[in-house]
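So you can see what is in the structure, the chains are spelled out below.
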Amino acid sequence: MSDILQQIASNLYSGADKAVAGLVQQALDQGLAPAEVLSGGLIAGMDEVGKDFKAGVLYVPEVLIAARAMHAGMGVLRPLLAAGDVPTAGKCIIGTVEGDLHDIGKNLVRMMMEGAGFEMVDLGTDVKPAAFVAAVREHKPTIVGMSALLTTTMVRMKTIVEALEEAGLRHSVKIMVGGAPLTAAFAREIGADGYAPDAASAVDVARGFAG
Amino acid sequence: MRMLSDEQIQALHCTSLDILSRTGIVMKSEQARQLLLDAGAWESDGRIKIPDPLVMDAIASAPARIPMYNRLGQLTMPLEAGKVFFGSGSDCIFTIDVETGERRQATAEDVQRFAHLGDGLAQIDFTMSMGNPCDVPPLDTYVHEFIGMLRGSVKPTCYTAHNREDMEDIYRIACAVAGGERQLREKPFLMLYAESISPLLYPEESVDKLLFCAEKGLPVTYPPSPNTGGGGPITLAGALALGNAECLVGLLLTQLVRRGTPFLYGMNTAALDMKSAIVSYGAPEWPTGMAAWTDLARYYGLPVWGAAGATDSKVVDAQAGIEATVTVMAAFLSRCNLVHDVGYIEYGSTSSMEMLVVCDEVIRDVRFIVDGVEVSERTLAREPIHRAQPGGGFLADDHTLDNWKWAQWRPALLDRTRYDRWVEMGSKDICARANERARQVLADHQVPPLPEEAEEVIAQVLKAREAHCDR
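Keeping their order, the protein sequence lines are chains A and B. Counting in my numbering, the first sequence runs from 1 upward without gaps. Counting in my numbering, the second sequence runs from 212 upward without gaps.
Rather than coming from a laboratory, the hints here were simulated on the basis of the structure. Even for Gly, the Cβ is constructed at its ideal location relative to N, Cα and C. Careful: at least some of the hints might be erroneous.
[To be verified] Coverage of chain A stretches by chain B, computed from C-beta distances (three or more under 8 Å per stretch; other residues unrestricted):
no.	region
1	50 to 60
2	172 to 182
[Unchecked claim] Once the Cα atoms are required to be at most 25 Å apart in a straight line, the calculated BS3-like pairs of lysine-lysine come out as:
no.	chain 1	residue 1	chain 2	residue 2
3	A	Lys158	A	Lys128
4	B	Lys639	B	Lys525
5	A	Lys174	A	Lys128
6	A	Lys51	A	Lys18
7	A	Lys18	B	Lys616
8	A	Lys51	B	Lys639
9	A	Lys51	A	Lys91
10	B	Lys525	B	Lys486
11	A	Lys128	A	Lys91
12	B	Lys525	A	Lys54
13	B	Lys398	B	Lys427
14	A	Lys140	A	Lys91
15	A	Lys174	A	Lys140
16	B	Lys616	A	Lys54
17	A	Lys51	B	Lys294
[Unchecked claim] On the chain B side, residues computed to face chain A include the following (Cβ under 7 Å):
no.	residue
18	Ala607
19	Leu612
20	Trp615
21	Arg629
22	Asp631
Bound conformation, chain A alone (with noise of 0.2 Å):
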């Protein structure tokens, strides 16, 4: 890896959003391709985060820090990317269920996927089975996840994945779920392939069905 490269990788996992838009800025003036900038710079410094917020060393918002670093990057580089130069990790929608207005913590892993290359669709909560259905049909997701906080809203779930089924849908997508109420054996319970109790291990998870 070269050298401004590693700066760029290095300035993101602190956070110094200013420096990395003018990191990256300097790599494409010294003719580095816009694909090698964000694979070699922006997504190496973000895997070493969520490596580092897995082992309890980063806090939350030192995370949420090196994702607004990683916006400041992406501003510079958008524009020049050709629409194969991204490396998707992986297409994701994700959404609360329907009857539930909890946000937080569906946003923490939608922020946290979208840090780790995915790309993501958000529906937003109180997302009826329909409008997940609609939305698979549309952006051809590879992961579908759901968010739950009540133990009243969580069985919603179920009806969800047995809409996907009813559509011809459910084969094409991977269903990951999630809330503070939510166990890896209700989530086997209802049908979906898979759980995780925070917002880090949902990116791992994600990462095993994507790769």
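With chain A's structure known, arrange chain B on it following the hints.
Just chain B, lined up with the frame of chain A:
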């Protein structure tokens, strides 16, 4: 926090003056007896009786603050109104071995290691010996404690001594560390802890140490222990009135020798347990009494001594946590200046590194509460609230990302990990985690060595003591 009303303070104060002038004390030091008689006290029925004005003059001449330095000459512990400092305790017979978990007798090495640990803990402001070493000649115990504390830590030291001979050796060593007598007077890093025997008895050796400090102008504390039902009456008010009287005699003696001698006012009001007959370190009488005698200290305009962070439990468990938190909270709320005994278990018979580490976290936690709420434009978060998505939260807002480090208290030892991760990391309780932390501090934390001249003086002192033993 105020424990006593103005009227209650007056009632205690007047009772104490009555004890001194009507009941009188027994003074075993001839030098101190003569000092008191020359100043206007009188003797009857084998007691020294002290008139009110003598006491009031002494209170007026003692300084309201004692600036304490570390041994590098930095002002780290200004004992003055509103400030609260914490440190360990002195002279435990046993310790819990941090490597083996075994309860065994304390050694000279333990003293140095406890000082080292305290030096590496941010909430510990001063060191006491935490051990009465069993592996040195009995008459040299306290000198070895003092040397161990100095080598193990740069923080101010609260030391104990056997007699005047100990004091002379300790003074010699301290002068060598400070760079001379004048330097030591200007930037004292040591405070003597000595005490009379409640009720009303002043042993010669104890008073002699007190007088030595006054002669040299060095800080001293002389808190009696009128423990309820033991050295003091069963009722807390009576214990406080007696303890106040006894402490004021110590103050008076220092001021008679040298006006302005830095004197730390205070006492200890543990409870003599009516079932086991132990002196209880977790008893609520102690923190209640501490808040009350801190009110008395404020009334007199004197810096004040107290205790917290100790337990009667034999292990570092929920009882230890309760007793530590209650007492640390009381120390903070009453604004007691110098708070000792942090890290004691088993009613002060045993020292525990795990307990010291747990208390470090308790102190940091309670400090957050007493620091209160900052209310300002940056903390009111008007704009972040205005721009927030309803229900969407503030986790990723710039205001969170820019302020999270100082705005929230973060645990260092208390556990908040998710269940699965906690299991993954070995399902450790707080005592196991405190043990790891203690070992880590001992392995990683560096303490600047003593100046060479000081080590030379230490070698001379120990050699002379050895020769003395041989004779």
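* **Unsatisfied constraints (hint numbers, rising)** => The structure conflicts with hints 2, 12 and 17, although it agrees with all the remaining ones.
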